[in-house]
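Participant: For the record, the sequence lines run as chains A and B. So in my numbering, the last spot in the first sequence is 228, and the numbers never skip. So in my numbering, the last spot in the second sequence is 279, and the numbers never skip.
Keep in mind the hints are simulated off the structure, nothing from the lab. Incorrect hints may have been included.
Said to hold, decoys possible - Covered stretches of chain B (in silico footprint by chain A; criterion: 3 or more residues with CB under 8 Å from a CB of chain A, positions within the stretch not fixed):
| hint | region |
| --- | --- |
| 1 | 125–132 |
| 2 | 136–145 |
| 3 | 175–181 |
| 4 | 238–251 |
Stated by the list, open to error - So these bits of chain B aren't anywhere near chain A, every CB distance computed over 10 Å:
| hint | residue |
| --- | --- |
| 5 | 36 |
| 6 | 47 |
| 7 | 50 |
| 8 | 55 |
| 9 | 88 |
| 10 | 102 |
| 11 | 112 |
| 12 | 194 |
| 13 | 223 |
| 14 | 226 |
| 15 | 228 |
| 16 | 231 |
Glycine included, C-beta positions come from ideal geometry on N, C-alpha and C.
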Amino acid sequence: MIKVLTVAEMTVREILRRRAVLVIILMLPLAFYLSRRGDHLGQSIRFVCLGLGWALSTAALFSGSAARGLEPRLRLSGYGTGHLYAGRLAALWTLGLVLSAPYFLLIRVDADRVEHGAIALIMLLTVAVAAPFGLVLSVLVPRELEGTLLLLTVVGLQMMMDPAGSAARLLPFWFSREIATYAVDHTDGGYLARGLTHGTVCALALTVLAMTLASIRLRRRPHLRPVT
Amino acid sequence: MNTDAWLHALDGELRRRGIDPALARHVVAEAAVHLRDSRQAPLAAFGPPDAYAAAVAESVGSPVRSAPHRRSAPGPVRLEARGIVKRHRRRTVLSGVDLTVRAGEIAAVVGANGCGKSTLLRICAGLESPDRGEVRLRGTLGFCPQDGGTSDFLVPDEHFALVGAGRGMRRGAAVRAGRAYAAALDWDPAGAGQARFLSGGTRQKLNLVMAGLGDPDVLLLDEPYQGFDRGSYVDFWRQLWAWRDAGKTIVVVTHLLDQLDRVDTVLDLTPARTTEARA
Numbered sequence: 001m002i003k004v005l006t007v008a009e010m011t012v013r014e015i016l017r018r019r020a021v022l023v024i025i026l027m028l029p030l031a032f033y034l035s036r037r038g039d040h041l042g043q044s045i046r047f048v049c050l051g052l053g054w055a056l057s058t059a060a061l062f063s064g065s066a067a068r069g070l071e072p073r074l075r076l077s078g079y080g081t082g083h084l085y086a087g088r089l090a091a092l093w094t095l096g097l098v099l100s101a102p103y104f105l106l107i108r109v110d111a112d113r114v115e116h117g118a119i120a121l122i123m124l125l126t127v128a129v130a131a132p133f134g135l136v137l138s139v140l141v142p143r144e145l146e147g148t149l150l151l152l153t154v155v156g157l158q159m160m161m162d163p164a165g166s167a168a169r170l171l172p173f174w175f176s177r178e179i180a181t182y183a184v185d186h187t188d189g190g191y192l193a194r195g196l197t198h199g200t201v202c203a204l205a206l207t208v209l210a211m212t213l214a215s216i217r218l219r220r221r222p223h224l225r226p227v228t
Numbered sequence: 001m002n003t004d005a006w007l008h009a010l011d012g013e014l015r016r017r018g019i020d021p022a023l024a025r026h027v028v029a030e031a032a033v034h035l036r037d038s039r040q041a042p043l044a045a046f047g048p049p050d051a052y053a054a055a056v057a058e059s060v061g062s063p064v065r066s067a068p069h070r071r072s073a074p075g076p077v078r079l080e081a082r083g084i085v086k087r088h089r090r091r092t093v094l095s096g097v098d099l100t101v102r103a104g105e106i107a108a109v110v111g112a113n114g115c116g117k118s119t120l121l122r123i124c125a126g127l128e129s130p131d132r133g134e135v136r137l138r139g140t141l142g143f144c145p146q147d148g149g150t151s152d153f154l155v156p157d158e159h160f161a162l163v164g165a166g167r168g169m170r171r172g173a174a175v176r177a178g179r180a181y182a183a184a185l186d187w188d189p190a191g192a193g194q195a196r197f198l199s200g201g202t203r204q205k206l207n208l209v210m211a212g213l214g215d216p217d218v219l220l221l222d223e224p225y226q227g228f229d230r231g232s233y234v235d236f237w238r239q240l241w242a243w244r245d246a247g248k249t250i251v252v253v254t255h256l257l258d259q260l261d262r263v264d265t266v267l268d269l270t271p272a273r274t275t276e277a278r279a
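Pulled out of the complex, with its shape left as it was, chain B reads as follows (with noise of 0.2 Å):
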């Protein structure tokens, strides 16, 4: 890792810390300047950026961010699914499967490979029939797929345009709206490549950036995290609650059980233990 990368990723992790952005400036500034004059590899000076940054946060007392409470009470029933059956083949995937999430909530779906969570969401998003069951949908749809979704040789801000303006946004508004999403996931489209050179991880925010342009009402979001380093699985899950507290509906398909502590909603797909509980 280069100087330049090391303190913007300490400037990040700062950031997500809580760290006044004041600040943390004025500590990315005094690292950079006893870089130059050390000549020492950042690496080897101050450790990685993330354990830096939690030293820093500790030491002026501003504690890590965790989950905030919701600022608001839950607003009326946005997505109900009731009594969803679904089969493939001769097996059964879903089996009689109940979601109802509000305005101003987030929703996880967890449960084992091959449960049916993203065949759920897909049924959601009215994307696959169920065999029995059916889903209201109070308001628009946002969709980011667990893979797919995007145009191999289209560069981000193109994406941006076109989504956009399926929504009636104009480009310049779409292309605005997008730089702004993704750069609170700590990601800067402007300029980058076609989608096809992007990383995993980066593909992955472009995804979920589309997914949130035009503020669709509901949001459904297929394991949008892979690929995602540390810190922008940070940002995403800060990004969930900023969308949770405008008053969106947010069903989010995970298989990370220590993070549920963060969602208001949980539904376990596992076999035998399809249950919908609520934090």
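Pulled out of the complex, with its shape left as it was, chain A reads as follows (with noise of 0.2 Å):
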């Protein structure tokens, strides 16, 4: 456990000393909100969603990809591939809970005639799914600007297509908007229980893909044989 909780501490004094990264992740779901903010509420609740999911997942990707040439060495420190994945997302998943809490607050203050339990949950799901999403781009992708570049595409893409299409449910924020419906328009509990099964599912296979891909990328070589 103690490596563990090592390892995220590191994880988050690395974050926080990204001080620009840091303005900027916490600033851009606001502009996200602020965008529709005057002449449609709802899109903006949306959106403040999708901008932490971006802000969470590029926190991810950067935090991920600085790993890259620590992890091998801490491997051969005594760590488990486990313990490093564990650490970090553990880590991540703090800090987007942290940076959820005053955006709820916003919309608590701001809007009052939504589902505010149902937004909760699409910020729960939002962290579950953006952390282990950018975690798997780091290793997929050499550098961060590639990752960068993947996530605009996915966040462009998240806002443009029709949620109703069966395309836009291959997308991993696709949950949000389903939610947002029912939070903002009333509608009826099918688009919760929808929203809330494509989130678990994408939260649930995101993660054991990072932590296959890390368990790839940092396994044992087994022409390393230990001789006791």
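Can you join these two chains into the complex? Each is in its own frame, and there are hints to help.
Facilitator: This is the structure:
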């Protein structure tokens, strides 16, 4: 447990010291929120949730990319892949919850005719999905720039694609629009159920995928045989 | 170079030359008094600190420290690489390389650029797979990469705490051990900034300290002295000999062929000349 907590603590320290990135991450969802605040509050709420997802995915991408050089030597220093992955993910999830809290309060104060419980659910699922999503990208692409462009593509598609189309369901944050429709437009519970299912499946699948990719990247090679 | 930096450098050079610490303090104090009274610049008054320290050492009869003889016979085999073959695309980088290193031995891996020195070390560390061959390892491993291996946004003490936790050390003990290793390399990491602000040589010292934390049995060091000044380079070899005397197994990648008398085994990976020679 100490190993996991130490990795989590150092991950938080690293992220907090990237001041410029931190400011952008904090302000990005606000910009999304304000973009439609005047004419369409419901759309603002949908966008702020997407903004949170993008911000946290970016933080996870940067954190995962920065750890590429360090993690192999930590593996040799007594850490298991599980320690490294669980510590990093725990730190990112914590950061995501802290990041979401002021935006939830903002919506709580600013929008009184929405289902606040459902908004909280969107934010929880967004945090659960965004962190492993960013970590998956950090393993699959060699540099932060490519990863950031991929994230931009995903969030752009998420905003532009018709959410009723089946292709939109392949996007990781599709659930946020479904649940937001329930929360803002007070539609039937089908939106909530579909969104909850999609978000849960995405969170689980991405968490498992990120762990699998980390295990492959940091695996012990069979040619190295410990002799006791 | 200001007076304080010059005096500090002089102190380090005297220590490296094996001058008695009390005498070294006396020499530094005398120099400080002279510089204060004369108001001269230290380089103008005494010349470079290493040259002045050499003159002092000669005058008091202290020999310059060279590679000490090993204090005890080598122990059991700790690292054994057999028949390592590695190809990058169609080019064969390593062709049936063998390396055996025992406890209390230093092995140097030498060869031209691109001949596979770092690749061999990464294979020995299990960070890269060979196309053929195997590595047998007895004990724990510490690895110092040629570059990278640190976190830009963490300070040195946090690096020590991070590696120490992996080795099962308490945070305070890890930081103390890290600072002690750093002191042996003439570096004080207390209060040092984030790794991204360290100079290249200091960052390599951090890398080296991290490799040695937790007393691993086998140390794999990939040109760890890059960016070191002369004094740090001398400190580095002294640290290696101290580790060897403590029974560690050390493999160091180097291209400085004039230092090969300091090691016990030399593996030359120059193509068509791959040989393992014992001192």
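Participant: Hint by hint, note whether the structure agrees.
Facilitator: Tested hints:
Beta-carbon proximity to chain A at under 8 Å applies to 6 residues in the region 125–132 of chain B; the threshold of 3 is reached and the given coverage holds. With 8 residues having a Cβ less than 8 Å from any Cβ of chain A, the region 136–145 of chain B passes the three-residue criterion, so the hint holds. Counting residues of the region 175–181 of chain B whose CB falls under 8 Å from any CB of chain A gives 0; the rule of at least 3 is not met. Note: the region 238–251 of chain B has 0 residues with beta-carbon separation from chain A under 8 Å; the three-residue rule is not met and the coverage is violated.
Consistency note on residue 36(B): stated as away from chain A, and its beta-carbon is indeed over 10 Å from all of that chain's, at 41 Å minimum. For residue 47(B), the requirement that its beta carbon stay farther than 10 Å from each beta carbon of chain A is met, with the minimum near 41 Å. Every CB of chain A is more than 10 Å from the CB of residue 50(B) (nearest about 33 Å), matching its label as outside the interface. At roughly 42 Å from the closest C-beta of chain A, the C-beta of residue 55(B) stays outside 10 Å, upholding its exclusion from the interface.
With a minimum CB-CB distance of about 16 Å to chain A, residue 88(B) clears the 10 Å threshold, and the non-interface call stands. With a cut of 10 Å on Cβ distances, residue 102(B) stays outside the contact zone with chain A, its closest approach being about 13 Å. With 10 Å as the threshold on Cβ separation, the claim that residue 112(B) sits away from chain A holds: the shortest Cβ distance comes to roughly 25 Å. Chain A draws residue 194(B) into its interface by the beta-carbon criterion, the shortest separation being 7 Å against a cut-off of 10 Å.
The Cβ of residue 223(B) lies farther than 10 Å from every Cβ of chain A, with a closest approach of about 15 Å, so its non-interface assignment holds. The beta carbon of residue 226(B) sits about 15 Å from the closest Cβ of chain A, which is more than 10 Å, so the claim that it is off the interface holds. Remark: the non-interface label on residue 228(B) is consistent with the geometry, its nearest Cβ contact in chain A lying 20 Å away (cut-off 10 Å). Distance to chain A confirms residue 231(B) as a non-interface residue, since its nearest Cβ pair spans about 26 Å, more than 10 Å.
The structure is inconsistent with the numbered hints 3, 4, 12, although it conforms to all the rest.
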